[in-house]
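2 protein chains.
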Amino acid sequence: MSFTIKNALVATEDSYATVDVQIRDGKIAAIAPELEAVGTIVDGANKLLLPGFFNAHTHSSEMWQRGIMSVLPLELWLAELYDFAPLDTEQVYLSALGTAVETLLSGGTSVVDHLVLIPGLELETIATAVRAYREVGIRAFVAPLIQDESMTAGIPSGESAQTHEPYFRSTAATLELIAEAVRQFHRPDEGVEILVAPTGIQLCTDALFSGCIELSSRYNLCRHSHLLETKAQAKLAQEKYGCTAVEHLSRIGYLSDRTTLAHCVHLTDDDIAILARTGSTVVHNPLSNLRLGSGIAPILKYRQAGVNVTFGCDGASSNDSQDLLEAIKIGSILHNVTDLDYQHWITPRQSVEMASLGGAKGLNLGEQLGSLTVGKKADLVLYDLRNLSLLPRTDPIGLLVLGRPTNVVDSAWVNGKQIVAHGQVTTINVNNLRQELFNLSRWDTQRKSPTVAQIEAHYRQVMGLL
Amino acid sequence: MSFTIKNALVATEDSYATVDVQIRDGKIAAIAPELEAVGTIVDGANKLLLPGFFNAHTHSSEMWQRGIMSVLPLELWLAELYDFAPLDTEQVYLSALGTAVETLLSGGTSVVDHLVLIPGLELETIATAVRAYREVGIRAFVAPLIQDESMTAGIPSGESAQTHEPYFRSTAATLELIAEAVRQFHRPDEGVEILVAPTGIQLCTDALFSGCIELSSRYNLCRHSHLLETKAQAKLAQEKYGCTAVEHLSRIGYLSDRTTLAHCVHLTDDDIAILARTGSTVVHNPLSNLRLGSGIAPILKYRQAGVNVTFGCDGASSNDSQDLLEAIKIGSILHNVTDLDYQHWITPRQSVEMASLGGAKGLNLGEQLGSLTVGKKADLVLYDLRNLSLLPRTDPIGLLVLGRPTNVVDSAWVNGKQIVAHGQVTTINVNNLRQELFNLSRWDTQRKSPTVAQIEAHYRQVMGLL
Chain A
7 MSFTIKNALV ATEDSYATVD VQIRDGKIAA IAPELEAVGT IVDGANKLLL
57 PGFFNAHTHS SEMWQRGIMS VLPLELWLAE LYDFAPLDTE QVYLSALGTA
107 VETLLSGGTS VVDHLVLIPG LELETIATAV RAYREVGIRA FVAPLIQDES
157 MTAGIPSGES AQTHEPYFRS TAATLELIAE AVRQFHRPDE GVEILVAPTG
207 IQLCTDALFS GCIELSSRYN LCRHSHLLET KAQAKLAQEK YGCTAVEHLS
257 RIGYLSDRTT LAHCVHLTDD DIAILARTGS TVVHNPLSNL RLGSGIAPIL
307 KYRQAGVNVT FGCDGASSND SQDLLEAIKI GSILHNVTDL DYQHWITPRQ
357 SVEMASLGGA KGLNLGEQLG SLTVGKKADL VLYDLRNLSL LPRTDPIGLL
407 VLGRPTNVVD SAWVNGKQIV AHGQVTTINV NNLRQELFNL SRWDTQRKSP
457 TVAQIEAHYR QVMGLL
Chain B
7 MSFTIKNALV ATEDSYATVD VQIRDGKIAA IAPELEAVGT IVDGANKLLL
57 PGFFNAHTHS SEMWQRGIMS VLPLELWLAE LYDFAPLDTE QVYLSALGTA
107 VETLLSGGTS VVDHLVLIPG LELETIATAV RAYREVGIRA FVAPLIQDES
157 MTAGIPSGES AQTHEPYFRS TAATLELIAE AVRQFHRPDE GVEILVAPTG
207 IQLCTDALFS GCIELSSRYN LCRHSHLLET KAQAKLAQEK YGCTAVEHLS
257 RIGYLSDRTT LAHCVHLTDD DIAILARTGS TVVHNPLSNL RLGSGIAPIL
307 KYRQAGVNVT FGCDGASSND SQDLLEAIKI GSILHNVTDL DYQHWITPRQ
357 SVEMASLGGA KGLNLGEQLG SLTVGKKADL VLYDLRNLSL LPRTDPIGLL
407 VLGRPTNVVD SAWVNGKQIV AHGQVTTINV NNLRQELFNL SRWDTQRKSP
457 TVAQIEAHYR QVMGLL
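So the protein lines, in turn, are chains A and B. When the letters of the first sequence are read in order and numbered with the working numbering, they come out as residues 7 to 472. When the letters of the second sequence are read in order and numbered with the working numbering, they come out as residues 7 to 472.
These aren't lab readings, by the way, just hints derived from the structure by calculation. Just so you know, not all the hints are guaranteed correct.
Copies of the same chain are indistinguishable here, so a pair counts whether it falls within one copy or spans any two.
As the list claims (entries may be wrong) - Lysine-lysine pairs mimicking DSBU-like chemistry, simulated, CA-CA at most 30 Å apart:
| hint | residue 1 | residue 2 |
| --- | --- | --- |
| 1 | Lys454 | Lys307 |
| 2 | Lys307 | Lys241 |
| 3 | Lys454 | Lys382 |
| 4 | Lys237 | Lys307 |
| 5 | Lys33 | Lys382 |
This is chain A alone, in the form it adopts within the complex:
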């Protein structure tokens, strides 16, 4: 399957050029002005061609609760989230489709889904999400969210002695579940990977982390976790380990150049040096960090220390969208208020590189994806520069990153297969998806989380909120 994009605008070192791009067998075969047209012709005139971005951290099924979650910090918000979590695979299917569509239509061609598993239907949940992503054709990194401690263990004890229910599934059974998911669904050549994804130090034992490291080595899997999203987690790490979470994860060998770590808000300078040394990747989720009041991740410090950084939307209940361009914009400009020296601020071209090559590197695919380079896989997005939100014509990348582009994705390809054309997803029927989302939901404002009611007093006390 070959095609040629004619006369597209592409970024050069500090400007733009108009070129043709040949794609053969799913790969970029040539980039130059006035190439011979092979295969189908795609008109790239007045359009900007960029490598596809990575939505490098999300939880697809949170789409069902976007807009309705109370204004709460992570620990209480999670309690509310789980009280009302979706419990059937039809919902998992539709929210994976929705996540894929919103990601694609905002420039993403890859999604890392830290997938919440329905208890008792774990493999079915994974199978369903994989099916949805295959149908859409987006590149999917399915990271089944696992833990082996119960929810309440994620809140620091403070002065009080807290006991927690044991988690309902054993560590060994959880690891076996992931091994089975790998056997059934891990198909890197087909654009579907399974990741080991222990949720984070707040709810995982060392046994679970070690088992994940072992699976990661045995099957060559990437690793994905939350890390130090909140002040409460930083406190908890000290209670649990007597050192920072990063020091502990480094000691047990979890950090590596194929480990992506969502959030990374509360790290020390020493922690940052450890991330740099281990080649770990930070996934910045700015909207979620603001929505949940988690804090501002020190992204400028990461960049100065040479830590690889990319962007994620996070789950739609803490965002409450899957618009990757919005996450990139806010994740870029937010940090200008943390450093008076504007020479350290992120430029739009740097943002694009973080969102594309930064994501690819984190998933150990920096040689295969993330830039317009001959020989790399053709995960590409073509933006329509005649859209009102990208006018007047100024600097196209500046306006794409710093503006509020809407309806600007004209075409998108994954592995050389076109899955968006003329602004529409071509692989699934989005109108049917809308209708099903509508039919399976109802407007609501009156819900109350029983778990929040149980744990709020302890949370306020241990966090010094009186």
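Please arrange chain B on chain A, whose structure you already have, making use of the hints.
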């Protein structure tokens, strides 16, 4: 002209109701279930009806430079902006149309345009913007941006003795210009108001402020200024007055219940008390404050002190969009990182009230606009809840404010006149606008600001950036 919106969802105290809304003679005449249909029928089923929002601070002609401005703090950014500012009224016309369209399609029915005047064509600039807003039909508060000191006077002197060129137009001539604009264009009953709008303490003498106060009293005009946007301005106020800018403006009588103040990032607790006592309104421009690294305005403190707060996009060169829903979202969630106690955080319903009634109050129109109240003017927006970005159905206001709604404005009315229908602006041809913006611009990355080159060393020195 009468019409009835049938079966629309509206917010009740803590839930929603489905009602009919009758509009007669530009005003809301009745709100209740199953009303008699008067005039044209508008189908409100599966749609949310809200009062129109206020884009309470922008500079329309900045649209010409959105996306291309360097990553710089305000003082240097302004130098670059003015080096490349548009110089003809055709550009002013098109960017006012563009600002109106983007504001309308993101829920705004009023715009406060702190309009940059073309030197020598001041009244023509104002006439052109007024004409554009009248054509679109958006409610327009045109605030001609005036000053009587030159650009370089806006940067603190520090230890060095700085001298500045005198401003090219006298204070008296500037005040006469505004008086003439009022006579020609101030037509509150027709939805067009002129505001007195000295840019701020950084570039205005007390004589200019006093003249504006006098015009404001004589013609019953609202007042609009920038206030303490940057740390540099806080420094400058101390150099100029030996006290804070708020103390000074209060002493000379500029603050009032019809004074709106853009930014308000660097205020002391005493300053906040003065804003509350004088009934002044803060216009929060979160995206611009992040983009320019100005800081995070202490919005939660304002709310706790009883200061009225509303939202603005600010000019499109520091945002770089005019999507009001984006400004409302970020302006709401940004503050969660400034206060650990989530009980102080802004809820989506509070955001809606700030964006509607908050804007109306600031413009001394709280009795006439800003809420769905019988007897108020019909500035209304109907949102389509079947749009993918507002699905699944959860809490419509939560999802509108915290999500990333795109293409969701189905209809909008100003003074009872419909100006958006079926998602399209009906009063002007937006495709022609796009074509003209395209034709009058070109892609560019290579510009360099000579003024930035001149003043950067002094700026870095006085701000302690070495």
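**Asked** Taking 30 Å as the upper bound on the Cα-Cα distance, should lysine 307 and lysine 241 be classified as within, between, both, or neither?
**Response** both (22 Å within a copy, 27 Å between copies)
**Asked** From the Cα coordinates, with 30 Å as the cut-off, is the pair lysine 454 and lysine 307 best called within, between, both, or neither?
**Response** between (40 Å within a copy, 28 Å between copies)
**Request:** Tell me, please, which holds for lysine 237 and lysine 307 at an alpha-carbon limit of 30 Å: within, between, both or neither?
**Result:** Classified as both; 18 Å inside a copy, 22 Å across copies.
**Message:** At most 30 Å between alpha carbons: which applies to lysine 33 and lysine 382, within, between, both or neither?
**Reply:** within (6 Å within a copy, 61 Å between copies)
**Prompt:** 30 Å Cα cut-off: does lysine 454 pair with lysine 382 within a copy, between copies, both or neither?
**Reply:** Neither: 50 Å inside a copy, 35 Å across copies.
When each numbered hint is compared with the structure, a violation occurs for hint 3 only.
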